[in-house]
Amino acid sequence: MTSSWFERQRGFLDYSLSCLWRRKGRNLSLIAVYSFVVFLISSVIFFTDALRREMENILEEAPEMIVQRTVGGRHSLIPVDYAEKMDAIRGVRSAEPRLWGYYFHQAASSNYTLMAPADFALPADRVKVGTGVLRTWGTIEEGRLYFRSRTGEPLILSIGEAFDGATELMTADLILMAEGPFRRIAGIPEGFATDIALRIRNPRECQVIAEKISYDFPDTRPILKEEIQRTYTSLFGWRSGYVVVLLAGALAAFLIFTWDKATGLSAEERAEIGILKGVGWDTSDILLMKFWEGAAISLTAFVLGVLAAYVHVFLASATLFEHALKGWAVLYPSFELRPTVDGFRLAVLLFLSVIPYTLVTIVPVWRTAITDPDTVMRQG
Amino acid sequence: MIKPLRKSAVFAAFFSAAAAALAGLLLVHPIYVRSAFEERLEKHRSVTRTLGLTDPCLFTEARYTRHLSQADLHSAFQDHPLAMEHFPSGSMVLPPEHLVRPKPSGPKVKPR
Amino acid sequence: MIEIDEITKTYNAGRPTQFEALKAVDLRIDTPSVSVLKGPSGSGKTTLLSVIGGMTRPTSGRVRLQGKEITGLPERFAAETRRKTFGFIFQNYNLIRGLTVLENVLIPAVPLGGRHREVRDRALQLLARLRMDGKAGQRVELLSGGEMQRTAIARALINEPEVVVADEPTAHLDSALAAILLESLAALTSEGKTVLVASHDPLVCEAEFVHHVIAMRDGSVVEEERRS
Ligand SMILES: Nc1ncnc2c1ncn2[C@@H]1O[C@H](COP(=O)(O)OP(=O)(O)O)[C@@H](O)[C@H]1O
Ligand SMILES: [Mg+2]
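Those protein sequence lines, which keep their order, are chains A, B and C. Each residue of the first sequence is one higher than the one before, counting from 0 in numbering that gives the first Met the number 0. Each residue of the second sequence is one higher than the one before, counting from 0 in numbering that gives the first Met the number 0. Each residue of the third sequence is one higher than the one before, counting from 0 in numbering that gives the first Met the number 0.
Please note that the accuracy of each hint is not assured.
Said to hold, decoys possible - Listed below are the simulated BS3-like cross-link pairs for lysine-lysine, each with C-alpha atoms no more than 25 Å apart in a straight line: (1) B:K42 / A:K127; (2) A:K325 / A:K127; (3) B:K6 / A:K23.
These aren't lab readings, by the way, just hints derived from the structure by calculation. Given the structure is predicted, the values throughout are model-derived calculations rather than measurements.
Using the sequences and the accompanying hints, generate a full structural model.
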C-alpha cells in the first residue's frame, strides 16, 4: 500500500470536514460570525492605513508653519503686519495672512469653511464652491447663494466655479470668495487675519524659526506641518473610542464561540476521540485532524473577511464607516481611497485569526486524546 | 452508485476560489486603479498647495472638529476620546499630539 | 501464532482502588483460527483483548505476534501496529454518528495515507461483500442493527488486518442477527485471518466453527478447549 504525506493530510481534512458538515448550521454561522469579526477589523485597518497614507501625501503640501495668535489661551485674530515682520525672518520664504472662517448655514444646518485667498481670481460677487456645498446647501436658484452678513443684512453671491469633484476630501465644504464679501460675512476687521501661513525654504530650519517666532511674538503659537500631519496619522489610534468598541465587540464574539470549545469537550466528542484511538489513530493523528478543523474554519473566515473588507473599503467607499465619520455633520465628502495593503499587517491579522482559534480547537482535544484507547472498549 | 465528491475537493475548490479572488484584489486591483489615484492625489496636492490647506474635510460638525490640527488649547475637542462628547468624531480621533503633551518651550521638531 | 506470556494487568496500582484484572495469563493462539474468550462479566475478557490489541499496556508480561513483540512499544508504534495488524469490532459498534457508512469504514485507513481511490474501492468491495453496497452513502444512525454491525465489520477489515478482535459482538443482537454475524466472522478464517472474540454468549462459544475456547474467571484462564 503506497502511503503519501499528501493523502494522509487530505484524509484528515476529509474527516474533519465531514464532522463539521454534520452540524452545518452551527458551523456555517460560526464561520459567518468569525468572518464578520475579521471583516470589521480588517476594514478598520484598510481604511485607516489608506486614509493615513493619503493624508500624509496630501499634507506634504500644507504650509510649513501656521502661526496663530492666542488671547486668553484661545485662538484670536492676528494683525496682518505680523506677517511682514515674519517675512523678514531668515529662512522664511513667505508669510501670508490667511483669511478663513466658518459659516453656519441655517437653512441646511450645515457648516462651511469660508476662505478668501489672496489671489482669488473671480469677481467680488462670485464664489468658488466645493461640490459638497452644492450637495447640501439646499435649493440653489440660478446659482445664487444667500449669506447673512455680520450686520444681519443679506448678501447674495453667485457660484462662479466649482472645485473638481475629485478633490472633495480637501475641498468639499469650501466656499472661496473675495476679501471684501468675506470680511463682511465673517466680521473680521481690516488689518486682521485668521492666521499666518509660513513657507520655509529649508524644512530643517522650522524648529529654529518656530522658536524665534515664539520668542519674538509671545502672543502667538506656531503649528508645524509635521504636527498637522501627525494629527491625521493618529486618526483611529488603537486607543480611540470607535476602535476600542469594535475590538471589544470582536473580542467578545471570539470569546463566546471559543468558550464552549475551550471549556472542554462534550461526552459525545470525547467518545468519538476514543473510537478513533480504538480503531488505530494515535494522539498525533487526532491532533492533526483537529488542526485541519481549526485551520479550515479560521482560514475560510480570514479569507472571506479580508475579501469583504477590501470590497467594502476600496470598492464601496467604506460605506459602513461613513455613518460613523459623518456623525452629526450634514456634509460628508465623497471620496475613494487608494488601495494600500500593508503585507505585514495582513500577516499579523492572518496569524491572529488562525493561530489562536486553531489552538483553542486542538488543546482541549489533546487532553482527551492522550488517554489510553482501551476506555473505548468499555463504552456503552 | 454515484461516487460522492470528496469533501476536501469541494472545500479546496471553494477556498482557492476565494483566495484567488482575494489575491487578485490585493495584487491586481491596486495596479489597475493606480494612475487614476495618482492623478487624484496630484489634484489634492495642488489644491492644498495653492490654498494652503491644513485639514481634510472629514468632520464638518463644528469649528473645533473641522480643522483638528488648528484646534486651540481650550477647545472642547481635547477631551479624552473616550469621554462622552457631543460630537461622535471626538471618539474617533485622538486630540492632536501637540495639544495632549504641550511642550513648555514650544513645538519641537524631531531630528530626521 | 499469538503468544501471550505471563500477562498481568493491575488497574490503579498503589491506590486503595488497586485491582488486578489479569493475573499471569499465559496463552498460545494459533493463526489463523477463531478463538473465543468466555467467562462471566468482570472476568477480564475485555482487558485481555485490549492488551493483545495494543490498546493498553500490560503491567507485566508480553505479547508476541508471529514472534514479534508488540507490547511495550511507544504509543506511535503501538498505534501503527494496532491499525495495520488488528481490526476491532466493539461491543456497540462505536460507529461515528452523522457520518455515512463509507466515511465510517474509511476511518482506520486515514492515518495510513493510502491512495484514496484504492482505499475507497476496497471499502466499497467490502461493503458489497457484506451486502451493504446500496447503503454506502447512508448516514449510520439511520441503519438497522444488522447493517450497523456489518458496517463495523467492514471498518474492522479496511486495513486488511491479520487479527480481528471482537468484544461481545452479539450482546445487543437477537439470535438471528447474531448467527449472521458469527458466520461473517468465521468466513474470515478462510482468508487467513485470526478472529478473537470475547463473549459470554453460549451461542458464540458453542458455534461449530470455533477452534479454541478459553474460559476466564477473576483474571485468570481456568480452562482451555481446542477443537479441530
Ligand atoms: N480502568 C479501570 N480501572 C479499574 N478497574 C477496571 C478498569 N477497567 C476495568 N476494570 C475492572 O477490571 C475487571 C475486568 O474488567 P473487564 O476486562 O472489562 O471484564 P469483562 O470484559 O470480562 O466483563 C472488572 O472488574 C472491571 O471493573
Ligand atoms: Mg467486557
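| Can you name, in rising order, the numbers of the hints this structure does not satisfy? | none
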